[in-house]
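With chain H held as given, fit chain B onto it using these hints.
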Amino acid sequence: MKILVGVKRVVDYAVKVRVQNNTVDLKNIKMSLNPFCEIAVEEAVRLKEQKVADEVVAMTIGPKQATETLRTALAMGADRAIHIMTDLRTDYMELQPFAVSQIFQKIVEEEKSDLVLLGKQGIDSDCGQTGPMLAGLLDWPQITFAANIETDGTSMTVERETDSGTETIKIPQLPAVVTCDLRLNEPRYATLPNIMKAKKKKVDTRVAEDMGIDLSPRNQVLEVFEPAPRKEGIMVEDIDSLIDKLKNEAGVIA
Amino acid sequence: MILATISRCAVATFRRSHSIRQLSSVITSDVCEDIVHGPLTTFSEDEEMTRDAAKQWAQEKLKPLVRRMDDECKLLPEVIESLFQQGFMGMEIEEEYGGSGLNFTSACLVIEEISRVDPSVAILADIHNTLTNNAVRFWGSPTQKSKWLPRLAYGTVSSFALSEANSGSDAFAMKTTATPSKDGSHYTLNGSKLWISNAPEAGVFLVFANADPSKGYKGITAFLVDANTDGITVGKPEKKLGLRASATCPVVFENVKVDADDILGDIGQGYKYCINILNEGRIGIAAQQIGIAKGCLDIAMPYMMERTQFDTKIADFQGMQHQYAQIATEVHAAELMAYNACRLKESGLPFIKQASMVKLYSSQVAERAASKTIEWLGGIGFTQDLLAEKFYRDCKVGSIYEGTSNMQLQTVAKLMQKDYS
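Protein chains in written order, with our numbering: chain H, 1 to 254; chain B, 1001 to 1421.
Hints in this document: simulated from the structure, not taken from any laboratory. All figures in this text were calculated on a predicted structure; none of them were measured in a lab. One or more hints might be untrue.
In silico DSSO-like links for lysine-lysine, alpha-carbon gap of 30 Å or less [what the hints assert, rightly or not]:
(1) H:Lys199 <-> B:Lys1055
(2) H:Lys16 <-> B:Lys1396
(3) H:Lys30 <-> B:Lys1055
So that you can see chain H by itself, here it is in the shape it has in the complex:
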């Protein structure tokens, strides 16, 4: 089974972003591997260790610096990588999920992948669309928010997280697109020897603009602003005033 894992280079989760000129200021900001993509890589590597998968290919769409992201994936255990170069902003401002999923579609068809593992969403754009769109383009089954995956390389049973509980879905026949949620696994730390060995693994580079895909955004971003600062809570005297406020001020009860 050949697995293609999407890895995205995003603003590090610990960074406090600033909005400048109606856009998130990315200058000199620490960038990292998207946490959900990291979970996807971990799952792919585990499937290889269980001998269910025989090759894990990591793919990223991004600028020159995205090679670091690929290197992390390779250090975790991916066999080789594909770098789709582009200087377009990948945080939804320029490159958007529809274009991204078409790029993935092309690579999946070339690579003849049997399983695509993606993070459920990028922590910059929070779209969660690439997985479902890709499945639609490929006409493959999709399972999103996977919290547990069991497969023998032919069929797959996935536990899917929803707001009302866990849903178990069976795909009788691969290929499929699966997006990974937080509880799926705890990613390993890349060891120093593996980080150095990752340098020797094969990385194929392509240019996004040369792939014959329309990369223009489908949606126009009108405004980017920071959320209003959280207002201080207020103390109430008794239950009646609480109910009054919930009813008449907050309007959350009838």
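Okay, now just chain B, sitting in the frame of chain H:
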């Protein structure tokens, strides 16, 4: 003597590379690597990834265990195992021997990041990497390297057994002897070492003993001794002010038989090896002290920005601002000195003076940072609710081990005289 030899050939290297730089069209990439003019706080991709790996491991996996290890005066076996698994124990060892083939700067970055969380864990890794591993890499025979380096990379902790009760700064006054057998096939070690870090966990000791006391210090020889050898007794760990989780013990050698094949390098050259390896090892100590200072600021700054008195964040009081700005400036100066010393060493340029300077200075900066941090935190800084008090206790040995501050000042003074003569 050694210093003069090292400076002469290093100056020659520098001159050669300097003149090559002027013929810019014929610069090879390795020469270029030596004369890069980027800021000292920028690192290569390898170095950044290495630093990030250490930072993440230390902050996420190590931090929750720090207080417990300090209370129990013991490093947890799973922490040591994790150090090996993550590759933090074989950093500069070549890949063919099971290491990561990283450079000295990378090793120092790791020491700094681990120290920022727990200097006791860092010292185990520092001694292992910068003293033992590198001594074997520099002076070991191919057979010795194949025998020891993989063990050192994969799972064997090492100790550096030099000091004795009567020989600290005056290292050459050591009394441990190594008596050769009649046929010279083995040596018998007799003596007592003191202040040996990691002794209970060590699987191998790098022991300095005199194989010919009639020659004075020129009889000192370095031996790689398996900890399982009969006759070795590791005494009880000292009860210390700081670095409590790092065991510091007496180690007694009573008729310990060591194969002549396990002599590191040449007989009687041990004095040279220990001086040389400590010259560089102390840059690692500087990295530890800088990590301590940064660890203190990591606790102090968020606290000061949250704590209010008189309706003001205490971080906004000018008196406080002046103090923490001063400390941060000194930490920055120390870190530049440390990474410059690393680059000097990597370039084959003279670095002994700079290494002594940074070891001296960084231990002073760490002490100031830790002391101020407790004051800035106020009452809570004085309790064990925060790790600040631990850093305060841990930093004190920085001006003592791997060459006391007075010895560093001596070294710098002697080299200054050389510069001006």
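Evaluation of the provided hints:
no., hint, verdict
1, H:Lys199 <-> B:Lys1055, "21 Å, holds"
2, H:Lys16 <-> B:Lys1396, "35 Å, violated"
3, H:Lys30 <-> B:Lys1055, "14 Å, holds"
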